[in-house]
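> Here's the letter readout for the chains.
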Amino acid sequence: GENVEQHPSTLSVQEGDSAVIKCTYSDSASNYFPWYKQELGKRPQLIIDIRSNVGEKKDQRIAVTLNKTAKHFSLHITETQPEDSAVYFCAASGYGGSQGNLIFGKGTKLSVKP
Amino acid sequence: SQTIHQWPATLVQPVGSPLSLECTVEGTSNPNLYWYRQAAGRGLQLLFYSVGIGQISSEVPQNLSASRPQDRQFILSSKKLLLSDSGFYLCAWKLAGVTGELFFGEGSRLTVL
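Note that the protein sequences, when read in sequence, are chains P and D. Last residue of the first sequence: 114 (the numbering used here), numbering continuous. Last residue of the second sequence: 1113 (the numbering used here), numbering continuous.
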């Protein structure tokens, strides 16, 4: 089955700096790669996602890149703000059956210092 | 619009006691339903998923079980809790047959003493 590795596990940046979180996946059939943000004590919420037919997607200060050949994808946050502090999860899934289930990385705790 | 609710929000139970967490989805039909566990504030581990009433698939062997008695109801149970069952349990749903966003419930924090 799919296995998703995520790093770093913790990341501390100064407000205004950029943050990059990287993930690798094992199943070459995976075709959907979302990123979730989880604030303390709350539910994870989708912030951006990318499908395998796209190499990069951007939404304001957040961007995701995908390298299918290398089987890795990354989250980029520019001009970080204190409210970006949270745990971020990457995930991967494919088509149908158990392959359609999202498998998550272990998360990255991002701290943005004012 | 679709909503998902799970309860109770917090639960403190002694070792060996039973468990029942419930989740319901509104505003959609025949969703895929999921139970995830998050231990020690990290890592979302898929426990069970269901593609229809009475259809349950388990991803990891464990002390827990799941049931789907109705289309939009998903229940997580245990007959006898272990200390290692402590964690943050999240119910989730997504549209069947498509790859796309997973919507999470508010979560249930279980502490086994």
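Think of the hints as simulated: they come from the structure by calculation, not from any bench. It should be emphasised that the depicted structure is a prediction, and the values quoted were computed from it without experimental measurement. A couple of the hints might just be wrong.
[Unchecked claim] Below, a list of computed lysine to aspartate or glutamate pairs in the EDC-like style, where the Cα atoms sit at most 16 Å apart:
{"id": "1", "chain 1": "P", "residue 1": "Lys-37", "chain 2": "D", "residue 2": "Glu-1059"}
{"id": "2", "chain 1": "P", "residue 1": "Lys-68", "chain 2": "P", "residue 2": "Asp-49"}
{"id": "3", "chain 1": "P", "residue 1": "Lys-42", "chain 2": "D", "residue 2": "Glu-1106"}
{"id": "4", "chain 1": "P", "residue 1": "Lys-106", "chain 2": "P", "residue 2": "Glu-39"}
> Any hints this thing doesn't respect? Which numbers, in order?
1
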